[in-house]
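Visitor: Each chain is listed here by its residues.
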Amino acid sequence: GHLFQVEYAQEAVKKGSTAVGVKGNGVVVLAVEKKSVPKLQEERTVRKICLLDDHVVMAFAGLTADARILVNRARVECQSHKLTVEDPVTLEYITRFIASLKQKYTQSNGRRPFGASCLIAGFDPDSTPHLYVTDPSGTYTEWLANATGRSAKTVREFLEKQYSTDSVATLDLCVKLAVRALLEVVQSGAKNVEVAIMEDKKSMRILDIESLEKIVSEIEKEKEEEAEKKKPKK
Amino acid sequence: NEPERSNVPNMTDITFGVVGKDYVLMASDTTIARSIFKMKNNQNKIRTLDNHILMAWNGPVADSINFSDYIERNLELYRFRNHSSLSVHAGAYYIRNELATAIRSRSPYQVNILLGGVDKNGPALYFMDYLGSIMKVNTGIQGYAQHMTYSLMDKQWHEDMSLEEGIALIKDCIAEMKKRFLISFDDTTFQIVDKDGVRVLDNP
Numbered sequence: 115g116h117l118f119q120v121e122y123a124q125e126a127v128k129k130g131s132t133a134v135g136v137k138g139n140g141v142v143v144l145a146v147e148k149k150s151v152p153k154l155q156e157e158r159t160v161r162k163i164c165l166l167d168d169h170v171v172m173a174f175a176g177l178t179a180d181a182r183i184l185v186n187r188a189r190v191e192c193q194s195h196k197l198t199v200e201d202p203v204t205l206e207y208i209t210r211f212i213a214s215l216k217q218k219y220t221q222s223n224g225r226r227p228f229g230a231s232c233l234i235a236g237f238d239p240d241s242t243p244h245l246y247v248t249d250p251s252g253t254y255t256e257w258l259a260n261a262t263g264r265s266a267k268t269v270r271e272f273l274e275k276q277y278s279t280d281s282v283a284t285l286d287l288c289v290k291l292a293v294r295a296l297l298e299v300v301q302s303g304a305k306n307v308e309v310a311i312m313e314d315k316k317s318m319r320i321l322d323i324e325s326l327e328k329i330v331s332e333i334e335k336e337k338e339e340e341a342e343k344k345k346p347k348k
Numbered sequence: 047n048e049p050e051r052s053n054v055p056n057m058t059d060i061t062f063g064v065v066g067k068d069y070v071l072m073a074s075d076t077t078i079a080r081s082i083f084k085m086k087n088n089q090n091k092i093r094t095l096d097n098h099i100l101m102a103w104n105g106p107v108a109d110s111i112n113f114s115d116y117i118e119r120n121l122e123l124y125r126f127r128n129h130s131s132l133s134v135h136a137g138a139y140y141i142r143n144e145l146a147t148a149i150r151s152r153s154p155y156q157v158n159i160l161l162g163g164v165d166k167n168g169p170a171l172y173f174m175d176y177l178g179s180i181m182k183v184n185t186g187i188q189g190y191a192q193h194m195t196y197s198l199m200d201k202q203w204h205e206d207m208s209l210e211e212g213i214a215l216i217k218d219c220i221a222e223m224k225k226r227f228l229i230s231f232d233d234t235t236f237q238i239v240d241k242d243g244v245r246v247l248d249n250p
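Which chain is which? The protein sequence lines are A and B, in order. The opening position of the first sequence corresponds to residue 115 in our numbering, with each subsequent residue numbered one higher. The opening position of the second sequence corresponds to residue 47 in our numbering, with each subsequent residue numbered one higher.
Hints should not be assumed to be uniformly reliable.
Unchecked claim - Dumping the calculated DSS-like pairs for lysine-lysine here, alpha-carbon to alpha-carbon at most 30 Å:
#, chain 1, residue 1, chain 2, residue 2
1, A, LYS315, B, LYS241
2, A, LYS196, B, LYS86
3, A, LYS316, B, LYS241
4, B, LYS225, B, LYS86
5, A, LYS316, B, LYS166
6, B, LYS217, B, LYS67
7, A, LYS196, B, LYS241
8, A, LYS305, A, LYS267
9, A, LYS315, B, LYS166
No lab work stands behind these hints: they were computed from the structure. Note that the coordinates shown come from a computational prediction; the quantities given were computed from them, not determined experimentally.
Construct the entire structure; sequences and hints are all you get.
Guide: Written out as C-alpha cells, the structure reads:
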C-alpha cells in the first residue's frame, strides 16, 4: 500500500538542494549545495550543516523549517543522553532517535511527516566513523557514501563508480571526492559548495574558501584531462 | 518518604574566590565528609563550565553534583543552539534563576555557588546561594569560612592584584582556616580563569 503523505514528503526532499556525505580513512566529509541568494539577502554560512554535538554533524535536504525542529530535538537529546549516562551519544543512537521521531509523525493524527532527509556524520566515542541517512518515512541506513536532495540519484551513481578505499585513503582525497560528486549536479564554482570535515576528537571544520577554490580548480583540470583522453586521436 | 534534609546546606565546605587584574582565582578544599568520616580526599569542588567559567559548589554532594551536571548540560545546549557560549554575566543569572525557581518548588537544590569567569567585560565573580540570591563581588567566600576570613580578605584585597598577590591572599585565608577551623582538611585545589580559559594551578 501507499502512504501518500510520506511519499509527498519524499518529493519535497527531492526538490531540496543537494547534500553529499563521504566516509573516508579517519574522516567523514559532508558537502552541501549552497543555493545562490538574492542580491539584497544576507548570505549566512553554515545554514544547512548543523552541529548536533561536538562529535556529530548533520546536513539535510528538504524543508529547512522542518529540519530545524529535528536539529533542535537532536541537540537536546545529545545533552540529555550525556546528563543521564555520562557518555556522548553514538552516531547510531542519535540517528535512531531522529528516525524514530520522524516515524512518529507518520503515524499520528493531525500531523504530517517531516519533509527532510538527514545525513548524519561523525565519530563514535570509540573512534569509529559513521555516516547515516534518514528519510521522511523514518527509516535509517548506514552508508560509505550517499547523497540526498535534488539529483541525488546522479550523485549516488557517480559515487558508486568512483568510491573505493583508495579514493578516500586520505582526508584530501575524501574531500575531493565529495566535492567532485556534488559538482556533477551543481553549477561549478567554490561559492556554490560548502564542505564540513569531521575528524576524530577534533571540532567540526568548515573548509575555507581558498582551499575550496583550489580543490575545485584541481577537479576542473582533472576533468579536462579526462575529456582530452577521450577525444578521438587523429 | 523523603530523606531528612536540613534547611541550610552544610557550611563546612571551604571555597574562596578572588578577582584579580585580569583573572579570577578560585580555591577549595577537597574533602568530602560522611558523618564522622572523611570519605574522599581529592574531590574537585570547582566545576568547569563551557571551558571559560568556574563554578565552585558548596553543600551536600548529591544536590551539588546533580545541579552542576544539569547546569553544565544546559550551558552546552545553549552553545549548540546559538553557535556561541553564554557570557559570564548571563550564565550567572541563568544559574540564579534555576536556584530561585527550585527554592519555590517542592524540591529545592541545597547548593551555594561561587561563579567566576572572564569575558569581554573583564573578570567577574558572583556569589549565589540556595535561595537564589546573587551578588557580584570582588572577594567571595562560602560556608563557615566566611566567619574566619572575610576580615582577612578585606585587609589584603585591592584592585588589580597580580597573580602572585592573589595566590598569597588565598593561601593566607587557607592558613587561617587550618589554624582556627574545627574541621580539619588536607589538600586544596587552586583553579584560575583568564582570557585564555580555565586551568588548574598545580603548584601555586
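Visitor: The structure should be examined with respect to each hint, and the outcome stated for every one.
Guide: How the hints compare with the structure:
1. LYS315(A) x LYS241(B): 24 Å, holds
2. LYS196(A) x LYS86(B): 25 Å, holds
3. LYS316(A) x LYS241(B): 22 Å, holds
4. LYS225(B) x LYS86(B): 22 Å, holds
5. LYS316(A) x LYS166(B): 26 Å, holds
6. LYS217(B) x LYS67(B): 18 Å, holds
7. LYS196(A) x LYS241(B): 27 Å, holds
8. LYS305(A) x LYS267(A): Holds. LYS305(A) to LYS267(A) sits at ~23 Å (cutoff 30 Å).
9. LYS315(A) x LYS166(B): Since the Cα atoms of LYS315(A) and LYS166(B) sit roughly 28 Å apart, the hinted pair holds (cutoff 30 Å).
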